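Chemist: The residues making up each chain are set out below.
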Amino acid sequence: MLEKAIFLLFAVPTVVAGVAILLSKNIVRMAFWLIAMLIAVGGLYFLMGAYFLGVIQIMVYVGGVAVLLVFGVMLTSRQLAPKLRPGPMETVWLAAVSMALLLGLVLSVAQVRWVQGPIASPNSPAEIGHSVMGDFLGPFELASVLLLVAMLGAAYLARPKVPVQSPEGSKETTI
Amino acid sequence: MLVLERPKVEYRGWSLTIVRLATKWGPWALALLLRFAWVIFFAVLVVLTAFVWIVGRFINPLLPWFLRDIVVVVGLLAFACIVAIIGIWAERKVSARIQSRLGPMRSGAWHGWAQSLADGLKFVQKEDLIPHSADQPLFRLAPYVTLVPAFCAYLAIPFGASWVFRDSDVGLLFVLALLAIEVLGVIMAGWASNSKWSLYGAMRAACQLVSYEIPMGLSLLVGVAAVGSLSLIDLGRAQERGWFSWLIFQDPFLFVAFFTYYIASLASCKRSPFDLPEGESELVAGFHTEYSGFRFVMFFFAEYVAMFAVSALATIIFLGGWNAPVAGWSSPWWFVIKSAFLVWVQMWFRWTLPRIRIDQVMHACVKYLLPLTLLLFLGGSAWQLYDNPAHPAFTVFANIVRAVLGLIGLGLVGLYVFGAGYGYYYRQRLVGSMVRKHLPGA
Chain A
400 MLEKAIFLLF
410 AVPTVVAGVA
420 ILLSKNIVRM
430 AFWLIAMLIA
440 VGGLYFLMGA
450 YFLGVIQIMV
460 YVGGVAVLLV
470 FGVMLTSRQL
480 APKLRPGPME
490 TVWLAAVSMA
500 LLLGLVLSVA
510 QVRWVQGPIA
520 SPNSPAEIGH
530 SVMGDFLGPF
540 ELASVLLLVA
550 MLGAAYLARP
560 KVPVQSPEGS
570 KETTI
Chain B
301 MLVLERPKVE
311 YRGWSLTIVR
321 LATKWGPWAL
331 ALLLRFAWVI
341 FFAVLVVLTA
351 FVWIVGRFIN
361 PLLPWFLRDI
371 VVVVGLLAFA
381 CIVAIIGIWA
391 ERKVSARIQS
401 RLGPMRSGAW
411 HGWAQSLADG
421 LKFVQKEDLI
431 PHSADQPLFR
441 LAPYVTLVPA
451 FCAYLAIPFG
461 ASWVFRDSDV
471 GLLFVLALLA
481 IEVLGVIMAG
491 WASNSKWSLY
501 GAMRAACQLV
511 SYEIPMGLSL
521 LVGVAAVGSL
531 SLIDLGRAQE
541 RGWFSWLIFQ
551 DPFLFVAFFT
561 YYIASLASCK
571 RSPFDLPEGE
581 SELVAGFHTE
591 YSGFRFVMFF
601 FAEYVAMFAV
611 SALATIIFLG
621 GWNAPVAGWS
631 SPWWFVIKSA
641 FLVWVQMWFR
651 WTLPRIRIDQ
661 VMHACVKYLL
671 PLTLLLFLGG
681 SAWQLYDNPA
691 HPAFTVFANI
701 VRAVLGLIGL
711 GLVGLYVFGA
721 GYGYYYRQRL
731 VGSMVRKHLP
741 GA
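Line by line, the protein sequences give chains A and B. Position one of the first sequence corresponds to residue 400 (this note's numbering), numbered consecutively onward. Position one of the second sequence corresponds to residue 301 (this note's numbering), numbered consecutively onward.
Keep in mind the hints are simulated off the structure, nothing from the lab. This structure is a prediction, so every number in the text was calculated from the model and none was measured. Careful: at least some of the hints might be erroneous.
Taking CB as the label site, the calculated pair distances span [claimed, not checked]:
#1 Ser423/A with Ile370/B: 16 to 24 Å
#2 Leu493/A with Asp659/B: 36 to 44 Å
#3 Leu348/B with Ala410/A: 29 to 37 Å
#4 Val414/A with Val717/B: 54 to 62 Å
#5 Val372/B with Val414/A: 25 to 33 Å
#6 Val696/B with Ile527/A: 35 to 43 Å
#7 Ile370/B with Lys560/A: 58 to 66 Å
#8 Ile527/A with Arg368/B: 27 to 35 Å
#9 Gly714/B with Pro559/A: 49 to 57 Å
#10 Arg397/B with Lys560/A: 51 to 59 Å
#11 Pro431/B with Ser423/A: 14 to 22 Å
#12 Trp648/B with Ile527/A: 38 to 46 Å
#13 Val464/A with Leu334/B: 38 to 46 Å
Here a beta-carbon is modelled for each residue, glycine too, at the ideal position from N, C-alpha and C.
Start from the sequences and build out the full structure, keeping to the hints where you can.
Modeler: Here it is as C-alpha cells:
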C-alpha cells in the first residue's frame, strides 16, 4: 500500500513531465520539465532499491547533462524558437518514425516475460564495478570510445576558424 | 500635522490582516511566550510523547517508526537552520574583525548574536517582488530548488558512528548528487529573472560549478580508494585510531587531495575567490539580483547550508570525521567543531583573497586542478597497490611517510594557534580591546 503510494508519487510526475516536455512551447521550460522527469526516474530507482543507479542518474543526468543542456539553451536567442516548426512533409515523416519507435517499444514491453524478484545485491557499488570491468567490458569500452569521439567532434566544432592573433605578440592568449 | 497623519489604507486579504494583528498583539504574545517558555516547552514535549505513545500503542505499529523519522528530519532541518543563522552572523563578525570593525553589536545581549534573527524577521515582512517580465513559475520555484537539496544532503551525513539518519552504501555519492541539483536552482533563478545581470550570473554559475564538480569528485575518490567504500560511516570508522590514522595523513596524495578538494568545494559553494556568479562589483548581485524578501533569504540559507555540507564531507573523508585526535574520544561534537572550523576558513578566505576573473577561474580548473587531481587519483591508487603486507619494505617507507605527514599536520595546527594568539596579543598591545564599554553589546 505504502509502496504503491510512493510509486505513484514518482511515476505520475514522470509521465506528467514527459507529456509537458512535448506540450510546452518554451525551450527552457522543456529543459526544466526534462530535469523534473529525470529526477522522478531517479526516485523510481531509489524505490526499487537500486541506490547506486539512482544516485548516478541524478549526478550524471541532472548535475551534468541537464545543466549543460540548459546552459546551451540559454545561450541561444529567444527569437530562434519559432523557426523550429517542421514543415508539412517533415510532419508526416516525423509521425511515421515516432509511431514506428513507439510501436517497437510497446511491443517489446508487452513481449518480455518480466521476472519479479529481489535484486541479487541491490546495495553494492562493488558488484556493479566488477560486472562493468568483467562481463560488460566490451560495451563499456565501446561507450567510452563513443564519448571520446563526441568530445573530439565538439572540440573540432568549437575551434576558432581563423587562428587567434594575440595582441602585442604575447605568448599566451587570454580570452 | 499633515505629514505625520497615517495614510488610510484599506487592508485586504488574509496576509495583511495577519500582519496587522501581529503588529498589534505580537509584543504581548511574545512576552507571554518568553515568560512561560519553559512551561510551554515541557508541555509540548509531554503532549508529543503522549501522542507518540498513544499512536504506537493503539493505532498502528508502523506509525511510530514514521513519526521517529519525522522527528529526526525536523531535527536535521533545525540543525541546518541554526547552521545558516550562526553562519550568517559569523560571516559578518569575521568580515568586521578582518577589516578592523566591530560588526553587528546591538541585537541580542552578546556581540549582536541575534542579528540574523532580526534580519530574518525583517525579510519576512518585505514585499515579495516578482519582475513583470520574469518567467513566473520558474522564478517562484527556483529558491526551493536551491534550498531543498542542500537540506536533503544532511539526511546522509553522519554526525557520529551511529548518529546518521540513513546509512547507505552510496552515502558520499548521494550528498554529491544533491549538491549537484543545487546548481540547477541557481540557473533557474538566473534565467527566470529575465535580467542580464542574473543571466550572466547563472551562466557563470553553470560553467564554473559543472567544471569544478570533476576535481571535487576526483579528490574525494582518492580517499574512497584508500578505504574501499562509498559509505560515509565506513570512511569515518577507518580513522578511529587517533591523529595519525586520519586519512589526510595516510599518504602524500591524500594530503594534497584534501587541499584540492577544499579549493574545488569553495568553487562549488560559489565562495570567494570563486564567487563570480554573484560578483557584487560587476553583476549587482548575480543570479539573485531580482529576488527580495524571503526568497532572497532562501538563497542565502542555501549557501551557508551547502558550505557546512561540503565542509562536513571534507571532515568525514579527510579529517577523521567524529573521531578525536586521541583514540577513543570520538563524539559528534568533534565532527561539528571540525566542520565549523572549515566553514570559518571559508569565510576567512572570502575576506582575505580578491575575486578572480571568470577566465582565470576556468583556467585554474581545467589547466591546473583537473590534471593535478587526475595525477593524485593515479598516485593514490598505485600507493594502495603497494601499501600492503605483500611489500614489507614499502610498508616501512609508508609508515615513515605517515609519521612525517602527521607531524607536518601538527606543525600546521601549532603554527595556526601561535599565529592567531600572537596576532591577538599584538592587536591588544597596539590598540587595546576593540570593544568599547559604551557599546550596548559589549
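Chemist: Compare the structure with each hint and give your call.
Modeler: So, going through the hints one by one against the coordinates:
Taken as a hint, the range 16 to 24 Å is violated for the pair serine 423/A and isoleucine 370/B, whose Cβ atoms sit roughly 35 Å apart. The hinted window of 36 to 44 Å between leucine 493/A and aspartate 659/B holds, with their beta carbons roughly 41 Å apart. Our hint of 29 to 37 Å for leucine 348/B and alanine 410/A holds, since their Cβ atoms are close to 34 Å apart. Hint check: valine 414/A to valine 717/B, Cβ distance near 59 Å, so the stated range 54 to 62 Å holds.
Between valine 372/B and valine 414/A the CB atoms are about 32 Å apart, so this pair conforms to the stated range of 25 to 33 Å. Our hint of 35 to 43 Å for valine 696/B and isoleucine 527/A holds, since their Cβ atoms are close to 36 Å apart. Taken as a hint, the range 58 to 66 Å holds for the pair isoleucine 370/B and lysine 560/A, whose Cβ atoms sit roughly 60 Å apart. Against the hinted window of 27 to 35 Å, the Cβ-Cβ separation of isoleucine 527/A and arginine 368/B comes to about 32 Å, which satisfies the hint.
The given range of 49 to 57 Å is respected by glycine 714/B and proline 559/A, whose C-beta atoms sit roughly 52 Å from each other. In this structure the supplied range 51 to 59 Å holds for arginine 397/B paired with lysine 560/A, their Cβ-Cβ distance being about 53 Å. At roughly 21 Å, the beta carbons of proline 431/B and serine 423/A sit within the given window of 14 to 22 Å. Remark: the range hint 38 to 46 Å for tryptophan 648/B to isoleucine 527/A is upheld by a beta-carbon distance near 41 Å.
A C-beta distance of roughly 52 Å is found between valine 464/A and leucine 334/B, which places it outside the suggested range of 38 to 46 Å.
Going down the numbered hints, you'll see the structure goes against 1 and 13, while the others check out.
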